[in-house]
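Engineer: Single-letter residue listing:
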Amino acid sequence: MRGDKKASLSSDLVVDLYSNLLAEIWGIVSELIGETILALLFTVAIRDMADKHPFLKSMEVSEDGISMHRVREACRRIPPEEVHRGFHGFITQFSNLCSALAQGVISREILPRVFPKVREAERMISQP
Amino acid sequence: MRFVFKELNVLRSTITAISTSPGVKEISESAANNLPNLFSYSSFCVFWKEGLALYLYQDESCAAPFTQEVIRNMAGVLKTLGEERVDFEKIVPRVEKRKLGPQPMLMAPRATLKSHLTLPLAVEGEMIGCISVNSDQPNAFDAQHLQFFSVIGCQMAATLEHLRRFSSVKSMATYDVLTGLYNRRYFEERLKFETERCFSYRIPLSLVMVDIDHFKKVNDTFGHPEGDMILREVASLLTKSVRKKDTVARYGGEEFILILPEADIEASSIIAERIRLLVESTLFDVGKAQLNITVSLGISSFPIHQAGSGSDLIKMADQALYDAKRKGRNRVCIFGANPGKN
Numbered sequence: 238m239r240g241d242k243k244a245s246l247s248s249d250l251v252v253d254l255y256s257n258l259l260a261e262i263w264g265i266v267s268e269l270i271g272e273t274i275l276a277l278l279f280t281v282a283i284r285d286m287a288d289k290h291p292f293l294k295s296m297e298v299s300e301d302g303i304s305m306h307r308v309r310e311a312c313r314r315i316p317p318e319e320v321h322r323g324f325h326g327f328i329t330q331f332s333n334l335c336s337a338l339a340q341g342v343i344s345r346e347i348l349p350r351v352f353p354k355v356r357e358a359e360r361m362i363s364q365p
Numbered sequence: 394m395r396f397v398f399k400e401l402n403v404l405r406s407t408i409t410a411i412s413t414s415p416g417v418k419e420i421s422e423s424a425a426n427n428l429p430n431l432f433s434y435s436s437f438c439v440f441w442k443e444g445l446a447l448y449l450y451q452d453e454s455c456a457a458p459f460t461q462e463v464i465r466n467m468a469g470v471l472k473t474l475g476e477e478r479v480d481f482e483k484i485v486p487r488v489e490k491r492k493l494g495p496q497p498m499l500m501a502p503r504a505t506l507k508s509h510l511t512l513p514l515a516v517e518g519e520m521i522g523c524i525s526v527n528s529d530q531p532n533a534f535d536a537q538h539l540q541f542f543s544v545i546g547c548q549m550a551a552t553l554e555h556l557r558r559f560s561s562v563k564s565m566a567t568y569d570v571l572t573g574l575y576n577r578r579y580f581e582e583r584l585k586f587e588t589e590r591c592f593s594y595r596i597p598l599s600l601v602m603v604d605i606d607h608f609k610k611v612n613d614t615f616g617h618p619e620g621d622m623i624l625r626e627v628a629s630l631l632t633k634s635v636r637k638k639d640t641v642a643r644y645g646g647e648e649f650i651l652i653l654p655e656a657d658i659e660a661s662s663i664i665a666e667r668i669r670l671l672v673e674s675t676l677f678d679v680g681k682a683q684l685n686i687t688v689s690l691g692i693s694s695f696p697i698h699q700a701g702s703g704s705d706l707i708k709m710a711d712q713a714l715y716d717a718k719r720k721g722r723n724r725v726c727i728f729g730a731n732p733g734k735n
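Chains H and Y, in that order, are what the protein sequence lines are. Start counting at 1 in the first sequence, then tack on 237, and there's your number in our numbering. Start counting at 1 in the second sequence, then tack on 393, and there's your number in our numbering.
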């Protein structure tokens, strides 16, 4: 019981971390390509990764931004490592889409923000 | 700062040109005409999913291998975005070569695609196409180019969506949804036009009103979906039986109406009789059964019937149709002529 609670707490922290990172990515990329195209890319990336990490389906994307409300609920039952893998996979897929579209133009802007956060998430889940 | 103002001004003109374009080709052209004023590139490519149209606006010096590479790259990006069903092999690109800047580009014949910006054209989460700018130079595009290009892409998508909606409203105002024939509203508009033209020059003009015999029984016996199928089938037979200049419309329920310009009583009788025979000899599929149905037809004609208006002609054709029904159905009756034709 105590272990479950600890796992959910830690998953919450991972969700928080990626939630902030995704909001940051949204802000940067929407300035480059606009919300309509960005929402489409997020949707495609979710669709591509949802088979492997079903909790990503709970991420709600619209032109107004991303809502993580349902993701937070879904992740409470998932180990933090899996939450981290899911988000990391999603961001990698999104970066791949951006590279396919605009070579390095978008990736150059977002990758410097992504790496430190991913490392932070890794540190967070490796702590006993 | 002044530099940015200049570019914003170009962007403004581009958006205005795109938003006032009347069709897909014109939207693409408006973007192609203005883009070179924003930044340099060798080729601008537009793909519209609807109608599978691919437009390429390239510099005069672009060689065929470069063009092929641009198309392959666009296909690759679409695949990455999950649009795998688009078969680019079947699309014939419309390539237009033009001078893209004040200085000649002089692309080498073996030049390859070194950089590109490709963006999906999206509306409400749906991808309706894709655009790309391409260059034989490495790192030809930066973040500002992407920003300008995305603004143009958004405007292109929004304008096309607006046109799509407008054309769907226009179609609803013109066509009958069930049969695909013209609807009553369009028929009335067309009749007004034809009566004005024919009455002024005393050109013959005939109307034929067609009604499916015992259609209620078909609906009651086989159900409304089967009844709808028969209406569609009869509509198709009517369209096949008339001339190019004629108008076939659904008048209401199981009633159809034909405008036959430059057709006198004799010509319109031939067409009406052709329809009657064709329907009579057609076997209609209703579920697992096959069914014979018949139609009754009433004709009115200008100038012989001395109609003073389009609505006079309608009333006369309706009266003739009533005669055909009264005389036993499956026949053609002409207004004012007592013996029915069968």
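Some hints here could point you the wrong way.
Restricting the straight-line Cα-Cα distance to at most 20 Å, the calculated cross-link-like pairs of lysine to any residue (SDA-like) are [stated by the list, open to error]:
#  : chain 1 : residue 1 : chain 2 : residue 2
1  : Y       : 507       : H       : 341
2  : Y       : 472       : H       : 347
3  : Y       : 472       : H       : 287
4  : Y       : 610       : Y       : 646
5  : Y       : 472       : H       : 249
6  : Y       : 472       : H       : 285
7  : H       : 294       : Y       : 475
8  : Y       : 472       : H       : 336
9  : H       : 294       : Y       : 518
10 : Y       : 507       : H       : 280
11 : Y       : 492       : Y       : 403
12 : H       : 289       : Y       : 473
13 : Y       : 472       : H       : 340
14 : Y       : 507       : H       : 337
15 : H       : 289       : Y       : 475
16 : Y       : 472       : H       : 284
17 : H       : 294       : Y       : 517
18 : Y       : 472       : H       : 315
19 : Y       : 507       : H       : 336
20 : H       : 294       : Y       : 519
21 : Y       : 507       : H       : 333
22 : Y       : 472       : H       : 333
23 : H       : 289       : Y       : 474
24 : Y       : 442       : H       : 280
Hints were generated in silico from the structure; no laboratory data involved.
Engineer: Taking the hints in turn, state whether each one holds.
Structural biologist: Comparing the hints with the structure gives:
1. Y/507 - H/341: With Cα atoms ~12 Å apart, residue 507 of chain Y and residue 341 of chain H stay inside 20 Å; holds.
2. Y/472 - H/347: Outside the cut-off at roughly 23 Å; violated.
3. Y/472 - H/287: Given that 20 Å is the threshold and the Cα spacing comes to 18 Å, the pair holds.
4. Y/610 - Y/646: 14 Å, holds
5. Y/472 - H/249: 35 Å, violated
6. Y/472 - H/285: Roughly 12 Å separates the two Cα atoms, so the pair holds.
7. H/294 - Y/475: 17 Å, holds
8. Y/472 - H/336: 14 Å, holds
9. H/294 - Y/518: The given pair, whose Cα atoms are some 15 Å apart, holds under the 20 Å limit.
10. Y/507 - H/280: 28 Å, violated
11. Y/492 - Y/403: 18 Å, holds
12. H/289 - Y/473: 18 Å, holds
13. Y/472 - H/340: At roughly 16 Å apart (the allowed maximum being 20 Å), residue 340 of chain H and residue 472 of chain Y satisfy the hint.
14. Y/507 - H/337: 13 Å, holds
15. H/289 - Y/475: Holds, because 17 Å separates the two Cα atoms, which is no more than 20 Å.
16. Y/472 - H/284: Cα-Cα ~14 Å, so holds.
17. H/294 - Y/517: Since the Cα atoms of residue 294 of chain H and residue 517 of chain Y sit roughly 18 Å apart, the hinted pair holds (cutoff 20 Å).
18. Y/472 - H/315: Status violated; Cα separation ~32 Å.
19. Y/507 - H/336: 14 Å, holds
20. H/294 - Y/519: 18 Å, holds
21. Y/507 - H/333: 18 Å, holds
22. Y/472 - H/333: Answer holds: residue 472 of chain Y to residue 333 of chain H is near 13 Å, not above 20 Å.
23. H/289 - Y/474: 18 Å, holds
24. Y/442 - H/280: 19 Å, holds
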